[in-house]
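**Q** The primary structure of each chain is shown beneath.
There are 2 protein chains.
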Amino acid sequence: MDADVIIVGGGIVGLSAARLLAAAGARTVVIERARVGAEASTAAAGMVAPQAETAEDSPLLELALRGRDHHLALAPALEAETGLSVDLACRGLIELAFTGEDLRRLEARRSWQTRRGLAAEALGPAEVRESEPNVNPAVCGGLYIPGDRCVDNVRLVRALAASAVARGASIVTGRPVTGLVVESGVVAGVQAAAEAFRAPVVINAMGAWASQLAGDPLPPPVEPVRGHIVAFDMAPALLRHVVCSPRGYLVPRADGRTLAGSTTERAGFDKIVTAAGLGTVLGIALEIAPILGDVPVADSWVGLRPGTPDGLPVIGPGMLPGLFHAAGLYRNGILMGPLVGEIVAGLVRGLASPVDLAPFSVTRFAAGRPQLVPERVD
Amino acid sequence: MDADVIIVGGGIVGLSAARLLAAAGARTVVIERARVGAEASTAAAGMVAPQAETAEDSPLLELALRGRDHHLALAPALEAETGLSVDLACRGLIELAFTGEDLRRLEARRSWQTRRGLAAEALGPAEVRESEPNVNPAVCGGLYIPGDRCVDNVRLVRALAASAVARGASIVTGRPVTGLVVESGVVAGVQAAAEAFRAPVVINAMGAWASQLAGDPLPPPVEPVRGHIVAFDMAPALLRHVVCSPRGYLVPRADGRTLAGSTTERAGFDKIVTAAGLGTVLGIALEIAPILGDVPVADSWVGLRPGTPDGLPVIGPGMLPGLFHAAGLYRNGILMGPLVGEIVAGLVRGLASPVDLAPFSVTRFAAGRPQLVPERVD
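First to last, the protein sequences are chains F and G. All residue numbers for the first sequence refer to our numbering, where the first residue is 1052 and numbers rise by one. All residue numbers for the second sequence refer to our numbering, where the first residue is 1052 and numbers rise by one.
Fair warning: there could be bad hints in the mix.
Which copy is meant is left open, because identical chains are indistinguishable; a pair holds if it fits in one copy or across any two.
[Unchecked claim] Cut-off 25 Å, straight-line C-alpha distance, at most; resulting in silico cross-link-like pairs (SDA-like, lysine to any residue):
#1 1322 x 1230
#2 1322 x 1078
#3 1322 x 1218
Note that these hints are calculated values from the structure, not bench results. What you are looking at is a predicted structure, and each value in this text was computed from that prediction instead of being measured.
Could you build the full structure based on these sequences and the hints that come with them?
**A** Written out as structure tokens, the structure is:
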């Protein structure tokens, strides 16, 4: 099958790229090993929380903040286009402190974020409990971040897929891509079992599988990082905001469920829900809101985050002409995925990235290069 | 590309079949020449009106009525599955009479439908205008059919596509299928330009193009029958029900627009909006609701209905092992399309049709056979 662009991976990143490329008139084919959004894109809890999740000195900060802005524009655009709401929450996030050390950490965060012009407001324990009556009475303070929020990532996958298909992208599912087709040193397509799909441009949006595209001379060194999620069944939800502790988070979904997460485990591609993982997440949930102890557990699952050695994504051209990476989004796939898909779609079309991609180049993992982001020496 | 089932045509029929087959575990590929729903599926006004549209003695009646029941079950199922409402209207249809002859026709319809247990209620002119204050004051009576209604067929296409993809169907767009691949007298796939797609089962859901699958020894003799639609821009809508006259209909959409239709023209695959077609539809609209004369015309377009010589669809096995038809739905594609897709998906899986398909067999068009449905002689 011939195309202008092949996108390997039908998660949020790949579907977002497909949607843009199809609209630009490119014959775009998404090839997905299982189903659209089958892995991390639907397993995640849907945090869109750059301020709660990113350190002041992280090279990710600008991309993360822009990723959040992008969601604010994308949600109504997708709804207008597909009729599907992605339930982007309008309420913000509250981070809880249970110790003096927690309070100091929140105050440091509030301080640098306020300095940068980002809204963040210290809450006393009474204010926390007024905003969220169901949190642990042992709370000793909090930080209210009105801009951070959550999105229903399952609905986001559906809306992106509906939009991509409506705009003319092809979506081929149930086809594990095994490797690149390379001719004269240039990308010529991909191989999926016995079948070849031909295109001069291939985007690696393979999530936790991004290292497994044979024929790439320098594949992104992505490894799966397992996370457990527990879904509590209740309607209406017990919380109004996303609520975080230093150990995890609770996310209220529009459908009435509350999701709790998560763990960070190196367990390969094993997707078993373990007693230890479940116990950790239940501990996180009950510390934040002890009332959940009496609430039915509706479901639990694991997701495989695509992690890299330095925790940063791999975005930009690959080491073969025609190859592009949109991989390794680790703990920020929902937050940054739609934007990263659009950025890579832009690169394919010869457009500049709105964000400096130097820290995210796959070349940082070339042999002989340090395995960390190089510091600037001016 | 290999599959278990190839569906040619990404309209409502093909997407509905794909959704069922993918859920049953078949590797299902929809191949669409343009985009999903690019033709009649989105051009239609969305009438789901078997009682207003079908004659008492039509072989279509049972299929049409079941098609309506199917919509009542499908709409909430699709919404639960995809989050996308298809805006299946809850209000019924009012058919208007402007002459004594119109009144006699409506009374005959009311009589046989009531006898069959179908709800249909005669309205005097005052009752019509109480139900729909904006209709023509010259109305002399009407028939209220609470079960007939409309659906937003554009949203229906999106929801079916989202469901099919989520269930694991592949959708390949922008690929005109030119013919069957036949090996040893058995279907082995389809050819799309230089590319072959292999599968032991092929469903022809090609709409107005259904006669153009090379290699089929007895293709459905489908021809395009052009219809004009005019969209009036207003919010809120001026009508609460679907309103018909003997010459056409007005359909209120949930988005506030009102659609008017339609014409019945043999003009090949020409999709030009003509002055004559536009004039006819505007005449229909203004006869039903003269107030529309002052309302902005938002848009106008044509659709190509897939018509057959006897006006009946072609549903069931084709003349090659592995070939199935789901074609020729003519003026009832929105009403019957989702059900017909599911029926053919069932046939592929070896399940019996819930409706007698004998009148819809392609064999009625074999050389030497009369070109009309044979009458039963008991």
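**Q** All hints are to be evaluated individually against the structure, with a verdict given for each.
**A** Do the hints match the structure? See the list:
1. For a Cα distance limit of 25 Å, the shortest separation of residue 1322 from residue 1230 inside one copy, 24 Å, qualifies, whereas the shortest one across copies, 43 Å, does not.
2. In this homomeric assembly, residue 1322 and residue 1078 come within 25 Å of each other (Cα to Cα) only across copies, at 24 Å, whereas the closest approach inside a single copy is 34 Å.
3. Taking identical chains as interchangeable, the C-alpha atoms of residue 1322 and residue 1218 lie at most 25 Å apart only when they sit on different chains, with a minimum of 20 Å there against 34 Å within one chain.
Hint check: no violations occur; every hint is consistent with the structure.
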